[in-house]
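Q: Sequence:
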Amino acid sequence: MVKKLLAPLFFFIWVSASESQTPAPIQFRELTQAQRVVLHSPEVIMLEFAPLTRRVSADVYEKMSGPFKPTDPIRFNLMGTNTSLITLPVRRLDPYSQNKLRLFRDNQELEYRKDKAELIRTKHTTEWRGIRVRLVELNPNEPKVLETFDLADWYEPLGPGHYVLSTQHRFVQGGKWVESAAITFEVQDTKPQ
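Per the numbering used here, the very first residue in the sequence shown carries number -3; after that it's consecutive.
It is worth saying that the hints were derived from the structure and are not from the lab. Watch out, some of these pointers could steer you wrong.
Here are the simulated distance ranges between beta carbons [unchecked claim]:
(1) 153 to 27: 35 to 45 Å
(2) 148 to 185: 36 to 46 Å
(3) 141 to 114: 26 to 36 Å
(4) 81 to 184: 43 to 53 Å
Distance condition first, Cα-Cα at most 30 Å in a straight line; then the derived DSS-like pairs of lysine-lysine [to be verified]:
(5) 112 to 140
(6) 112 to 96
(7) 112 to 59
(8) 65 to 112
Glycine residues also receive a C-beta, built at the ideal position from the N, C-alpha and C atoms.
All chains should be modelled from the sequences, with the hints used to inform the complete structure.
A: Here it is as structure tokens:
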């Protein structure tokens, strides 16, 4: 009888002991001092936009970089490359809080959609509340997708012209903004001339 009562207790103690020796997933671990410093002033993370790719056949992918039509979805990946020697766990919370997109058409900066402009301004000045939290581990010198941007979420439909897209991104609230490299693309008129 005692054995039957003690067996579940020993099992619980064994499971508890084995769980405490297993490292917690990165999203639950505390950042090291070095990681906190780097993410607050992340000059070691290079940012650039890259076209999305689509599968054409078995192992063949093509970049979807335009020229676009005004009715096409225009999307780009924001890539991050960690040039430091330590792995950096980067939290992706809310694109409007963490980014300041800049889009130019024929050298004129475009404004955000009216329904987004105030939201973005507010999110840049208030405490972050993650809509979704996703962790991306930036290993040294390994480019990874940080965020995918659909320009329709930020801007009115884009007309014909030559565009230049860049962003400033921050990894922690109150942290420094990091400037991305710009990407250029074309939107072509589909009307017959």
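Q: Now, for every hint given, state plainly whether the structure supports it.
A: Each hint, compared with the structure:
| no. | hint | result |
| --- | --- | --- |
| 1 | 153 to 27: 35 to 45 Å | holds (41 Å) |
| 2 | 148 to 185: 36 to 46 Å | violated (19 Å) |
| 3 | 141 to 114: 26 to 36 Å | holds (28 Å) |
| 4 | 81 to 184: 43 to 53 Å | holds (45 Å) |
| 5 | 112 to 140 | holds (27 Å) |
| 6 | 112 to 96 | holds (12 Å) |
| 7 | 112 to 59 | holds (28 Å) |
| 8 | 65 to 112 | holds (23 Å) |
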